[in-house]
Amino acid sequence: MSKKIITPVASLAHILPEDYRALVEKGPHGKSVGIKDLGSFKEITEEHPHCAGCGVSLGVRLALAALPAPEDTLVVGTPGCSFFALSQTAVNYSNTAFGNQNSVASGLKRMLSIRYPDKDKDVVVMAGDGGIADIGLDMTLHSWFRGEKISTIMLDNEVYGNTGGQESGMSPEGQVLHMAPKGKNFKKIPVFEMARTAGCVYGAKVTIASPKRLGMAVNRAILLARELGPTYVQIYTPCPTNMKFSPADTLRIAKEAGKAHYAFEEFMTEEAALRIAAMEGGLEKEPE
Amino acid sequence: MYLSVRVDTEKCIGCKICITSCPEPNVFIFLPEQKLVEVNESRCKACGLCTTVCAKEALKIG
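Residue numbers (the UniProt record's numbering), protein chains in the order written: chain E, 1 to 288; chain C, 1 to 62.
No wet-lab data here; the hints were simulated from the structure.
Hints may contain errors.
With a Cα cut of at most 27 Å, we get these calculated DSSO-like pairs of lysine-lysine [as the list claims (entries may be wrong)]:
#, chain 1, residue 1, chain 2, residue 2
1, E, K26, E, K3
2, E, K244, E, K259
3, C, K35, E, K31
4, C, K60, E, K42
Modelling step: build the complete structure from the supplied sequences, incorporating the hints.
If you want it as structure tokens, here you go:
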């Protein structure tokens, strides 16, 4: 959504909600702001409807703050907790049938590259573990096999949060849940490793407890997807409601997971590594 | 009673760690001149995440 489109005509500005006017005046459109600037600009998302202390809403908020160009970004979601926060976000946003998000994103990306050949339009899939790893796994993998230039961000809360706590393919082995009283009896699906094998040029695994790394991973993933190919970021976003811990403990749980099964990991192709070095100004001098 | 987080302006040093820990958008506003954070109390859901990360114990739910 470009700033030109959202700016109201002067005679009608007074009837628009205060939040909308603040977005026009102080929004991140056209500026290079990121996670480090949070608190000094108007965020593009507003009033999430999630539970108090929700990890998913923090993940969505941080990922949206890290978008390199929110005015030229299209976010594709799928039903689940992750999609609630997107419906009141000021980016072009599309919801899909459950699990279809990567197919829809592929089509949108191709259409946008025909319609705007001179402009970078980022298509970002932001969906939960159910949408990406369970119901939409085939569509996700095929979009990676085809080398579609889209970024996939998984908000992994390791449970089907909004339907009452069924076990997900991404739940860790042995995890006891509302609808898995004896504990899950198979391992977490290794989507991160599958992304590497399936042809993603960049992948990262982070938790919401390290916001700077999260921002860096999302930023890199979107910028690399513009030119090179599919990218994948997996964000751990614990769920206090279904995992039964206090809302104030979400970050502690995320930090502990960051030391255990969710340690920060990144993979990238050689080309992607060179591109990152060039983008971030750390290009190493070639030996003479 | 409506619960929200309150900032102790004498203890706050403006490190901004609470801003990146809050799941709710636009609750914390950073005041660069005073090096403090301000809270939009009508948006806060009082989950307490910011209080657990504040090293200076400048945030309290109440």
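Hint-by-hint comparison with the structure:
1. Of the pairs offered as hints, the one joining K26 (chain E) and K3 (chain E) holds, with about 11 Å between alpha carbons and a cut-off of 27 Å not exceeded.
2. With a CA separation close to 20 Å, the supplied pair K244 (chain E) and K259 (chain E) stays within the 27 Å bound.
3. A threshold of 27 Å between alpha carbons decides the hint, and for K35 (chain C) with K31 (chain E) the separation of about 23 Å falls inside it, so the pair holds.
4. Distance restraint check for K60 (chain C) and K42 (chain E): the Cα-Cα separation of roughly 24 Å lies within the 27 Å cut-off, and the hinted pair is therefore satisfied.
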